[in-house]
Amino acid sequence: MMQKTIFFVLLSIFPSLLFSQASGLFAPEKRKAFADYLFCEKDYLRASEEYEALNNLNKNDSLSYSIGLCFLKMNEYGKAEDVFYQLRNSTLGEESRLLYLKTSFLLNNNIEEKTDSFSNQFGNKDLETSFRRLDLAAQIKAGMSQASLHSLDTNFEGTDVQLLRSFAENFSHPNRKSPFAAALFSAVLPGAGKIYTKNYGDGITSLIVTSLFSFLWYDNFRAGHPTRAWIFAGLTGFFYWGNVYGSYISARNYNLEKAEELNNEFDSFLNSKNYFVPKKIEGSCK
Amino acid sequence: MKSRWLLFILVIFFQQGFAQIQLEEQLAFVESLFAQEKYFDAITEAKRLSFFDSSNQYSYKVNSLIAESYKSGNKLSEAVNYFTRAERESRNPEELFSTKIKIIKINILRRAFYLADHQLVELERDTRFIADSSSLRYWRGWNYLFHDDWQQAADEFSGIDSAAALKNICEEVQKRKYSVSFAKGISAVLPGAGQIYTGNYLSGILSLGWNILFGYLTVQAFSAERVFDGMAVGTMLWLRFYDGNLSNAEKFAVEKNEIINNETLNFLQKNYQGLKP
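Here the protein sequences come in this chain order: A and B. When we follow this note's numbering, the leftmost residue of the first sequence carries the number -14, and every step to the right adds one. When we follow this note's numbering, the leftmost residue of the second sequence carries the number 415, and every step to the right adds one.
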């Protein structure tokens, strides 16, 4: 009877000891659950550290992929690109290849060569579509040729096609103003260069002020008031050259603003459509 | 048979106790990291404890520690977020009051004056905290202090014995500060005087010189009956320098006051021994 009781006690305590070892807060499966929780809480830095600690214990593709996602979410595109490149031939190869291209695209790297080497490497239909769309988005930004425009119809749907066509048109023929032309216009007629860069208020002000000071300069010399004449001459020169230089700068600013505006509009369009994000990322958090 | 059931129950109890010990050990670990000022790690481990604390028994403590760590790392919005969670988990009026004050302190630090003031008013109206009116007055004083209203801060501190030093500092700052309207006013009468009043002598003399020169040219043009010249010089040159002189007087006074404010806040941060946000 005594032996049976001791056996029962040992039988009961042994699994409980085993359980306690495995159930510590740092047990791998608990750590993974905690890392997933941090990821869903958008604490990507801590989540990446947890995934890395687990990956150091037992290397696996899924953990590396999660680390890459954390970097991507933290906008650490360089690190994310490295991780996804390492995983390009892993069990999560297709998703990783797509995300590798996406991070390269976000880093403003030229992805033309990369897309060429990755084409026909997507078995999954959704990923293949995402890949083609990413490739086309990169082509649009690089100034897509007229001949490639028809491929937008087959890869995008509805009103998006029209919008993308207009983006392609704007990227290949950007609305630019020549800084030298602007300076020249303003040298001939003060303010004209600013009006050319659609800076109408400044243009008209430049014209009025420079003309006014020129008149006062001339009139004071004519009336024999040399002190005031020289003051107005100085002011005329200051405003005239300021207007020429200002027109040059105005054209440069116009070009920069237009390019940034177009890039921002295109990026927000792509973000709103979420074209190139494998469902696995967004679907893992409830 | 009975004894075997008893043993079985004991084993289950032992397992539960072990889980409890793990959570307590984790809490001690978090507290030690916090004490060592390893705030990033303290937050990670506190979040781990919170994740595995299925019965939420450590919720108040853990959220408070996370919030304190974020605050120490100057992540004030996150700190408020976790203090708010702690507030929801508070178990008695003392914990509730203490957490609400911590939120107010962060709002004072991030100069959210009206929000902090509103929260202080809410606490004053709460009948559970009538005995804490002196403490609320003290934090209202700090709120005014961070809002650059030193006189009002001195008034709030005046009724609190422990804040006598703060009251004196506030009054001293109030005396040292430059009057913006006075600086502008004297510059309106004599261009450059406001700049000289705020200690910017060169700027003041230059301003006076430009105004005399263009004022003279304007008057000379009008007296020579060249009205158009006078209007052009008067509006485009004299008025421009006169207006610039007023703006400068105001700007210098504001800048000097900011320097005084920041010096005092730095001094309080480093040297004041009493409670501070």
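There may be inaccurate statements among the hints.
[As the list claims (entries may be wrong)] Dumping the calculated BS3-like pairs for lysine-lysine here, alpha-carbon to alpha-carbon at most 25 Å:
| # | chain 1 | residue 1 | chain 2 | residue 2 |
| --- | --- | --- | --- | --- |
| 1 | B | K489 | A | K58 |
| 2 | B | K452 | B | K489 |
| 3 | A | K27 | B | K489 |
Don't read these hints as lab results, they were simulated from the structure.
Evaluation of the provided hints:
1. Simply put, K489 (chain B) and K58 (chain A) have alpha-carbon atoms about 20 Å apart, close enough for the 25 Å limit, and the pair holds.
2. About 14 Å separates the Cα atoms of K452 (chain B) and K489 (chain B), which keeps this hinted pair within 25 Å; it holds.
3. Distance check on the hinted pair: K27 (chain A) and K489 (chain B) sit about 16 Å apart at the alpha-carbon level, within 25 Å; holds.
The structure meets every hint from the earlier list without exception.
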